[in-house]
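Participant: Here is what each chain is made of, one letter per residue.
There are 4 protein chains.
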Amino acid sequence: MTSDLSMYNIRTDLALEAKEIATEGQQSATIPGVWSETENAEGITVTRMEIQTEQGAQQIGRMIGHYVTLEVPELRQGDTTLQDKVATSFAKEFEAFLKRLGINTTSSVLIVGLGNWNVTPDALGPIVVENILVTRHYFELMPDQVSPGYRQVSAVAPGVLGTTGIESSDIVQGIVATSKPDLIIAIDALAAKSLERVNTTIQIADTGINPGSGIGNKRKGLTKEILGVPVIGIGVPTVVYASTIVNNTMDLVFEHMKKHTNNTDPLFGVFGKMDETERLQLVKEVLNPLGHDLLVTPKEIDKFMEDIANVIASGLNAALHEAVDTDNVAAYTH
Amino acid sequence: MTSDLSMYNIRTDLALEAKEIATEGQQSATIPGVWSETENAEGITVTRMEIQTEQGAQQIGRMIGHYVTLEVPELRQGDTTLQDKVATSFAKEFEAFLKRLGINTTSSVLIVGLGNWNVTPDALGPIVVENILVTRHYFELMPDQVSPGYRQVSAVAPGVLGTTGIESSDIVQGIVATSKPDLIIAIDALAAKSLERVNTTIQIADTGINPGSGIGNKRKGLTKEILGVPVIGIGVPTVVYASTIVNNTMDLVFEHMKKHTNNTDPLFGVFGKMDETERLQLVKEVLNPLGHDLLVTPKEIDKFMEDIANVIASGLNAALHEAVDTDNVAAYTH
Amino acid sequence: MTSDLSMYNIRTDLALEAKEIATEGQQSATIPGVWSETENAEGITVTRMEIQTEQGAQQIGRMIGHYVTLEVPELRQGDTTLQDKVATSFAKEFEAFLKRLGINTTSSVLIVGLGNWNVTPDALGPIVVENILVTRHYFELMPDQVSPGYRQVSAVAPGVLGTTGIESSDIVQGIVATSKPDLIIAIDALAAKSLERVNTTIQIADTGINPGSGIGNKRKGLTKEILGVPVIGIGVPTVVYASTIVNNTMDLVFEHMKKHTNNTDPLFGVFGKMDETERLQLVKEVLNPLGHDLLVTPKEIDKFMEDIANVIASGLNAALHEAVDTDNVAAYTH
Amino acid sequence: MTSDLSMYNIRTDLALEAKEIATEGQQSATIPGVWSETENAEGITVTRMEIQTEQGAQQIGRMIGHYVTLEVPELRQGDTTLQDKVATSFAKEFEAFLKRLGINTTSSVLIVGLGNWNVTPDALGPIVVENILVTRHYFELMPDQVSPGYRQVSAVAPGVLGTTGIESSDIVQGIVATSKPDLIIAIDALAAKSLERVNTTIQIADTGINPGSGIGNKRKGLTKEILGVPVIGIGVPTVVYASTIVNNTMDLVFEHMKKHTNNTDPLFGVFGKMDETERLQLVKEVLNPLGHDLLVTPKEIDKFMEDIANVIASGLNAALHEAVDTDNVAAYTH
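Chain order of the listed sequences is F, H, B and W. Following numbering that gives the first Met the number 0, the numbering of the first sequence begins with 0 at its first residue and continues without gaps. Following numbering that gives the first Met the number 0, the numbering of the second sequence begins with 0 at its first residue and continues without gaps. Following numbering that gives the first Met the number 0, the numbering of the third sequence begins with 0 at its first residue and continues without gaps. Following numbering that gives the first Met the number 0, the numbering of the fourth sequence begins with 0 at its first residue and continues without gaps.
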């Protein structure tokens, strides 16, 4: 079974999870053409990954590029001190992307908040956009009076195909043509492979937003190829398929039992020996015809969305404007 | 294993599901002291159940009383024609409750919308209250001018313990003491045993709202014993535990496989032969320590809540006021 | 004093009020090059106006074109029957615009909801857009399966300069370039000359949206010249300047007193004899330095906005799609 | 004309304005039985007033008691530094009220947010309640584990007569009976005499909330007499009658002209010599029959409400809990 197909089956938008799947959960396993390092501090795990070759890309099912993932298991606890730390850490990682892409302090940036205002777990993009420190109009209307330490930032929430009738990608293409930014930052809600990732993980990638990713199943992506300028994608898993919850949980059950017994065969039979993809396939075969394979989200999603959107907006405001201090990133958001 | 314990483990607030569990899924099985009938029309399944004896109550783990459940699998499709039908059907069933309780056309009613405005799947009560045709103040301020065909209706959303610091039950008790209604109707969001029930099922019960039920884990209930007047409870499942999704799905997988093979033992081993409660226990043992046993809700919960709250408010407006026609129930809601 | 200047001073976005000012309130007065007729039925006053010549345009301070105004003084009463009548009447008038512009049943339409989601009286455009029956994506994705009686409709809410950093006009220009509609319908909240107009008046004009009009003081307009396709503008006054409330009220006071006395000179002195523009100038001279000349809106604006936005969305849905009946226009809105 | 009648005519809920009217605008004038002092610092004017005798109460048309008013003309500018200063200043003034009423650090407090969620300028109470640090349930459920420096605080938003069918006062009476607080703090939106007061002024009074005050024209008040425990009322003007805008503006016009000419008689005739009450009467006579005497609010009311509600919630959290520092009052609000 090719990793491409497994990709499709597992339905994750996170490169980190894609790599885990490709190495069958062996986190320490290396894949030729894929470099990665992991750092752990104060409840935040930062994984920096670079897919360097076509072979690596093939294996993981992701495009060549840089991927950074922040994992913060406690992020759903509503702890504002931790949130500030994550915003600062996010800003620092994000600045490395700007540097690598040659984005200097005078380059202009368009922030695109993908998703649907009226569907809470899909509203990440629009909520972030609401909290962005927008400055482009000051540069246009009174360039002499803009304080040093700010760059041109604009921000739009283009809506979703179902409510606008137009592909988000086409709307953004039009706005790029008239407003001519040097860089696009696109923010989107994602589907994850496991419930514990929901609203605790942030991914940054210089490959943009790819077709078919995200909650809304875009047919076109937001990439440098399409838009003509570099695109940094920021994603947060906010939903999980019921089938992947089942599959993921069964994995945990099997692992749990292995600690207690040498031979789990009598316990789980053939089912316990299936590989992840086969098992998921079986679960989906059962749930799909019943229309039960819903995308679900935690009950407390309203509060979770607000918190993580503030973290991202704070982090972006600090990373984009030198005059906005990473010590004080939260002050500019709602 | 007693049904009481299984009740606790399965975590359902629906009497219908409690009965299913007690009969181990054999829907046609009868339980002494429990009467029930089921009717099917136009996509709506109505099950009327009466727990008549202490023995029946014990067996099912519910109080003696009447329970009506409307199951409408297609209710999440956003079909306004179906929604109107459900509102009419709901109003008809509800009127039978009024009759049985001896509530006549001049009896006054207080509608209590339990739950939390700011947590979408817990906002059922507050949203229903917003769409109720409130009339009590007209009777108080200008009794001569109220048209015939209306009764005194008031409506409050008392908030939840976490945001008010006061038990909802205590707040309602105070309001009952000063406003003196003849009947209380309490609306609450529930947890269900399976994802397909979420926002497709409505339960009416003359046993009120019981301690520990609903999403917010109330410590006190809203019952005739506590409030001194009859209480009709209306509940809609809006969330499911991750563990019950897993368990429910595994059941479906086992059933599915049984159709294809005579002996599923080699397929699922011991696991496949566990009873539902044991299996759920195992799943919870694995998920709980990881903090993974979240209550989840479908991605589209915002729209689903609005739709079903409108159905209930329309139905109540029609059932409570003779002047409001069941043919036109939707006109009075938002 | 030229009418242009007075235009600026009186600060109205309604052509009807501009004409009233030009004729100094004499509604029956004719202006060369300006044709108009008024019709009254069921609480709705429809005024159709055509500015036919440059001279007429100069006099009124508006561009050559067609203007239709619906005045419905009772529209703020929340009467849903009246709202349905207004939606139907609006649809009928709107269809005449489509006809005159040669827009046939297969022409595609982009609806642009100008204004700011987060400022209630400026949210007209975004709320209308939310309630539009959008179809363009069906034509793109499955053209064979679209039922007859529908046209391609798309809808966007581009945000405002202060929150996006980009002129709405520039954003729309970009979207027009990529989505290529045959007609644009732009909806905007306006400032009116008197409080009784607020949320009771709807203006349709084939001159589009002009620079400096609307609440947000756009620097660029949405017109055929700029966008390359015809633009129909729909506007509703939702705010009034404090100074114009004062001025308008003083007018009413003077008129009121004239009914009771032959000579109002001793009553109001020089002030009573000033013309409207001079008086307004005086009021503004006093209020402006104090920062008191705020734009204000009625206390009940949340409800008023929702009602009139539904009227416009219903009317547009009926006017644009043959399959949507004007008898049933409300069914497609939220 | 007695001051009582003028009270009614001028329609202000602020004691400060009532005193101004009683002294015909002479701020330095003293009224027997009314003590007051004014302090000015950092853009905040604090006026402390005590109505000490029945005679003073008669003259001003307010009950005997303490009134503190914070006037902050720049509060609508969205300056968070100023907002923090106002919260701190408010907390300090509020603590003096607690002291005077003998409320010690263990006394329990119920905060009542009057008004209507769905009418932006009337939503002050509900928004403040949302941002209150509620603790009563911790004292009830785990009294041993509450950290020192906190008191028992509960908070409810009882809704308005039009949406509940029950007088707010009756609902609160019931909640007081079951939850037994030592002090009630009631927050309400008010009508002011001038537009510049809207969302820039905060009044604290130990006389509670009086019948007929506030936006919703309550028929019953929230006072110690009715509820049995002391009530501190907090009010913010959020709306103004159109007629009072006109009257207030004409005053400013007259004053302005007096600076430029010795004799304003020819300028304004009899109208200019009317006293404030007569003139307002005339304006209202003209506007009322037309239904034009609306309550209005600034266009930017959504943002203004959020800002001032945060100031009050922050101030209350700091004043009520010793462990919440006035230097850091904002951290506990949304």
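Check before you lean on any hint, since a few could be wrong.
Claimed, not checked - Pairs of lysine-lysine, DSBU-like flavour, derived with a Cα cap of 30 Å:
1) B:LYS302 <-> H:LYS84
2) B:LYS219 <-> W:LYS219
3) W:LYS283 <-> B:LYS272
4) F:LYS272 <-> H:LYS257
5) W:LYS283 <-> W:LYS258
6) H:LYS98 <-> H:LYS84
7) B:LYS257 <-> W:LYS283
8) W:LYS283 <-> H:LYS223
9) H:LYS302 <-> F:LYS257
10) B:LYS302 <-> W:LYS283
11) B:LYS283 <-> W:LYS302
12) W:LYS179 <-> H:LYS179
13) F:LYS302 <-> W:LYS272
14) H:LYS257 <-> F:LYS283
15) F:LYS98 <-> F:LYS258
16) W:LYS179 <-> F:LYS84
17) W:LYS223 <-> W:LYS258
18) B:LYS283 <-> W:LYS179
19) F:LYS257 <-> H:LYS283
20) F:LYS302 <-> H:LYS257
21) H:LYS98 <-> F:LYS283
22) B:LYS283 <-> W:LYS283
23) F:LYS179 <-> B:LYS179
24) H:LYS283 <-> F:LYS272
25) H:LYS302 <-> B:LYS302
26) W:LYS302 <-> B:LYS302
27) B:LYS258 <-> W:LYS272
28) W:LYS283 <-> W:LYS219
29) F:LYS283 <-> H:LYS179
30) B:LYS219 <-> F:LYS179
31) H:LYS257 <-> F:LYS257
32) B:LYS257 <-> B:LYS84
33) F:LYS98 <-> F:LYS84
34) W:LYS258 <-> B:LYS302
35) B:LYS257 <-> W:LYS272
Derived from the structure by calculation, the hints contain no laboratory data.
Participant: For this structure, which hints from the list above don't hold up?
Facilitator: Of the numbered hints given earlier, those the structure breaks are 2, 8, 9, 13, 15, 16, 17, 18, 20, 21, 29, 32, 34, listed in rising order.
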